[in-house]
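Student: So you can see what is in the structure, the chains are spelled out below.
Number of protein chains: 2
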Amino acid sequence: MDTPGPDIVRGRVARTKAALDPSLDGLLVTSAAHKGWLTGFTSGVFIAPGGTVLLAKSGDFYETSNVDLEECAAEIPHLQVVGYDWTAETHDERLARLIGEAGCRRVGVEAAQVTAARLAALRKSLAPGGVEVSELEPLIDPLREIKDGWEVEQIRAANRASAEAFAAILPLLRPGATEWAVSAALENELRVRGHGSAKLAFQSIVASGPRSSLPHASVTDRAFAVGDLVTFDFGATWNGYCADVTRTLVIGRASARQRALHESVVAGLDAGIAAVGAGLTFAACSEAAFAPIRAAGFGEYLAHGLGHGIGLEIHEGPRIETKGDKTFAAGMVVTIEPGAYIPGWGGVRVEDDALVTAAGREVLTFCGARELLEV
Amino acid sequence: MDTPGPDIVRGRVARTKAALDPSLDGLLVTSAAHKGWLTGFTSGVFIAPGGTVLLAKSGDFYETSNVDLEECAAEIPHLQVVGYDWTAETHDERLARLIGEAGCRRVGVEAAQVTAARLAALRKSLAPGGVEVSELEPLIDPLREIKDGWEVEQIRAANRASAEAFAAILPLLRPGATEWAVSAALENELRVRGHGSAKLAFQSIVASGPRSSLPHASVTDRAFAVGDLVTFDFGATWNGYCADVTRTLVIGRASARQRALHESVVAGLDAGIAAVGAGLTFAACSEAAFAPIRAAGFGEYLAHGLGHGIGLEIHEGPRIETKGDKTFAAGMVVTIEPGAYIPGWGGVRVEDDALVTAAGREVLTFCGARELLEV
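The listed protein sequences correspond, in order, to chains A and B.
Numbering (numbering that gives the first Met the number 0) for the first sequence: 0 to 374.
Numbering (numbering that gives the first Met the number 0) for the second sequence: 0 to 374.
One thing to keep in mind: the hints can contain errors.
One copy or two, either will do: identical chains are not told apart, so a pair holds if it fits within one copy or between any two.
DSSO-like mimics (lysine-lysine), calculated; alpha carbons at most 27 Å apart, straight line [claimed, not checked]:
| hint | residue 1 | residue 2 |
| --- | --- | --- |
| 1 | Lys325 | Lys16 |
| 2 | Lys325 | Lys123 |
| 3 | Lys123 | Lys322 |
| 4 | Lys56 | Lys123 |
| 5 | Lys16 | Lys56 |
| 6 | Lys16 | Lys322 |
| 7 | Lys123 | Lys16 |
| 8 | Lys56 | Lys325 |
| 9 | Lys56 | Lys322 |
To be clear, the hints were calculated from the coordinates, so they are not data collected in a lab.
Pulled out of the complex, with its shape left as it was, chain A reads as follows (with noise of 0.2 Å):
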């Protein structure tokens, strides 16, 4: 596992800080993503789930049960890491203990990374202190669309491992073989391909023949048939931080129908990802992707939008939205990834991933297989 060093993650603790309301003098960090981010140390194989960030006026901490102190301490030098011993008090106690000290009086939590019962016992172990806990919008999600080039880099790395994964497998592509054992083969690829943890971005997709028609096909027994349609979406991990990739190929021959959705789909995706660039918006970019799956005839099975970001999740911000005027900005990396799916007869999705530039996009997928491969 590398880690982005401390003027890195030392710069995000800043920018959170900074962009935390004056009028709170701390905040709460307990999502996986988001502790990941602002400590560097994604790799844990919980990320520590008892763990809390709390970034405070008079400094910022990292508490954890002593069953992790160890593994923490050494992982998160740049916070002041404190454990506490479960036997003796409970993690509410230990976190209400250290906001006391820490001198908090209003401490706000983003109410989208808490569940609602979470919330109230924070808020009830906190009470006696006279600490106040705020509910708040969105922070560190959008400051986490924003990649650095270090994050930029795993994403590349991922991606690069994704393709080799994909080419591993292709000659397993033949007709009798079944959804199951080529996921099988396929997450091992991705897996021994990735680096710095065991993690996969998402549980890949492997839909053949009909089932290419449903966008989130799980994975099932059917053997590939001769003209079966077949997509694959899948991705590796570099250091925590995730690909996205989906390629969609036939088995056989292709028919005229067939090569005509595919030849529309990759159409769009490179009419999508040449409507991306800072300061141009998700609508215009959304229209310009799936103009030509409307042109081919196809605009009846267009089933979702366009893309989102990814990074530390598979899922994250921006979602490329149809409508509205938001805008891409430099330093985000999302998915393009038009589709079209014709129930019981089959779909064809195909998917890269790119990073927005003042002048436009530089695209991070290095998987072959654009074109209609037929194996």
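Fit chain B to the given chain A structure using the hints.
Tutor: Coordinates of chain B only, in the frame set by chain A:
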């Protein structure tokens, strides 16, 4: 993917509705594991994240975007599956319409299963229709703690697959093998030998040498050396249900201290399992398991509690608390996993899964190597 069949799933829905406060006329269920339990559909890659179950006096519904409608309608036949066109209305608009159509005036949602932001959004979208949203204590979790016979068979099968996978990688264990390579091989075996989905129960732990003293150690590139303790914590899944197994062995010959520590932990495991049974307390079971470890002089190195429930999630109720008077109930499936960790030197954890019965318990784990293997 095999599913439990409509009668079992309908029984779960009926038990859930029977547990609902009669002043409520509907229950919203949003978390993936709860939805999987109520629908029998656990294999979806994203388990249709936008989908919501509504159990109402007037009927039972699964509401999802049209993106996943085809798959959900096929897989969830015992609920009324209703879709919405995401280009025309939002998830919350559709849900508000559905709740109105179902005649609900006061719906509940488990506070531990919904973020504070989601709860606020639900209240905002339902207020115009005069529908109240109540925060509920855990309602489905306690029902899920008691497994039916079908669920026990899935956990037993996941354990068989896990035992086979561990046996398959034993030949790889030798000085110079890395945690990373061994964990990749183990996870491939777990995936191939599991059934019904590509899911692993959790990211496996392979912690060698001094890293075995970290209960939640991440996998690194560290190469095994002669004299290392190595802890493996892993589990396959079977139709979505998890196994959870831990074994610790030594590379080369064990030292006297390693042998003494391992013997005390296995004695703790045996004593803990013997103290599992309907009506027996968690605290007495924990004491029974920790006693041999304390007696051997390793009491100060106990770091965590004794175990937890498993099922559709790798961590679910009950938590085997070390204090208090809570008791086992027949049908629970729990891990018993004593461990002792000597900082900078190494640790030992050994873990089996057990079904609680009226007469005591039935061990569901088939993995060998409860004695200290030297490889």
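Student: Please go over all the hints and tell whether each is borne out by the structure.
Tutor: Hints versus structure:
In this homomeric assembly, Lys325 and Lys16 come within 27 Å of each other (Cα to Cα) only inside a single copy, at 25 Å, whereas the closest approach across copies is 43 Å. In this assembly of identical chains, the alpha carbons of Lys325 and Lys123 lie at most 27 Å apart only when taken from different copies (23 Å versus 39 Å within one copy). Proximity of Lys123 to Lys322 under the C-alpha cut-off of 27 Å is restricted to the inter-copy arrangement: shortest distance 22 Å between copies versus 41 Å within a copy. Only within a single protomer do Lys56 and Lys123 lie at most 27 Å apart by alpha-carbon distance; the minimum there is 23 Å, versus 34 Å between protomers.
For the identical chains of this complex, Lys16 and Lys56 are intra-copy neighbours only, at 8 Å inside a copy versus 48 Å across copies, given an alpha-carbon limit of 27 Å. Proximity of Lys16 to Lys322 under the C-alpha cut-off of 27 Å is found in neither arrangement, the shortest distances being 32 Å within a copy and 39 Å between copies. In this assembly of identical chains, Lys123 and Lys16 lie within 27 Å of each other by CA distance solely inside one copy; the values are 25 Å within and 30 Å between copies. For a Cα distance limit of 27 Å, the shortest separation of Lys56 from Lys325 qualifies neither inside one copy, at 33 Å, nor across copies, at 41 Å.
Proximity of Lys56 and Lys322 under a CA criterion of 27 Å is satisfied in neither setting, with 40 Å inside one chain copy and 37 Å between copies.
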